[in-house]
Every structure is written in C-alpha cells, then in structure tokens.
Amino acid sequence: MRLELTSDLDPYGSEDHRADSENEMYLVLEPGSAGYVVMEPALRMLQAQHPRLPATFFELSQGL
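Quick note on this note's numbering: the sequence shown kicks off at 11 and runs consecutively.
One or more of the hints may lead you astray.
As the list claims (entries may be wrong) - Computed Cβ-Cβ distance ranges for the label pairs, DEER-style:
hint: 1; residue 1: G42; residue 2: L19; range: 18 to 24 Å
hint: 2; residue 1: V38; residue 2: F67; range: 31 to 37 Å
hint: 3; residue 1: S71; residue 2: V38; range: 29 to 35 Å
hint: 4; residue 1: D18; residue 2: P61; range: 49 to 55 Å
hint: 5; residue 1: R54; residue 2: E34; range: 42 to 48 Å
hint: 6; residue 1: D20; residue 2: M55; range: 37 to 43 Å
hint: 7; residue 1: R54; residue 2: M11; range: 43 to 49 Å
hint: 8; residue 1: D18; residue 2: R54; range: 32 to 38 Å
hint: 9; residue 1: V48; residue 2: D20; range: 27 to 33 Å
hint: 10; residue 1: A65; residue 2: S43; range: 45 to 51 Å
If you're looking for bench data, these hints aren't it; they were derived computationally from the structure.
From the three backbone atoms N, C-alpha and C, an ideal C-beta is built for every residue, glycine too.
Take these sequences, add in the hints, and give me the full structure.
Next up, the structure:
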C-alpha cells in the first residue's frame, strides 16, 4: 500500500495534470490490491435453482 500527499497526480504525464494552484494538494492512496463483485446477477441465478441458495451463500461467505 502507498499513501502520498502530492500536488501532481501524474508525475509522468504532462503539466496539465498538476494542481491548478500552489494551494491544491491531493491525498493519493494506492492499495496493494482491490476489487469488487456485482452480486445481484449471481444471486438471481442461485435463486432460480432454489429460493434458499442466495441466503445460504451469504451465510457461508461470512466465514471467509
């Protein structure tokens, strides 16, 4: 993970990426890893197989 206070969001880019004034700063957090999952489609497929499968999946995933 990296945390940085900077006035330059893209040090390898053009000057256009720099803060508009010397008074602007950005706090940038770059995690080692991140992700997301859209659960609704998966839960709908589970429910089509059995009405209790979405609840079972939720309960079992709490222990992960």
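To see whether the hints hold, each was checked on the structure:
Distance hint for G42 and L19: a CB-CB separation of about 20 Å, consistent with the stated range 18 to 24 Å. Roughly 35 Å separates the CB atoms of V38 and F67, a value that falls within the hinted 31 to 37 Å. Between S71 and V38 the CB atoms are about 31 Å apart, so this pair conforms to the stated range of 29 to 35 Å. Between D18 and P61 the Cβ separation comes to about 53 Å, which falls inside the hinted range of 49 to 55 Å.
Taking the beta carbon of each, R54 and E34 are about 44 Å apart, inside 42 to 48 Å as hinted. For the pair D20 and M55, the beta carbons lie near 40 Å from each other, so the given range of 37 to 43 Å is met. Distance hint check: the CB atoms of R54 and M11 are about 35 Å apart, inconsistent with the given range 43 to 49 Å. Between D18 and R54, the C-beta spacing of about 44 Å breaks the proposed range 32 to 38 Å.
Checked against the hint of 27 to 33 Å, the C-beta distance between V48 and D20 comes to roughly 29 Å, which is consistent with it. For the hinted restraint 45 to 51 Å between A65 and S43, the CB-CB distance of approximately 29 Å leaves it violated.
The structure shown violates the earlier hints numbered 7, 8 and 10.
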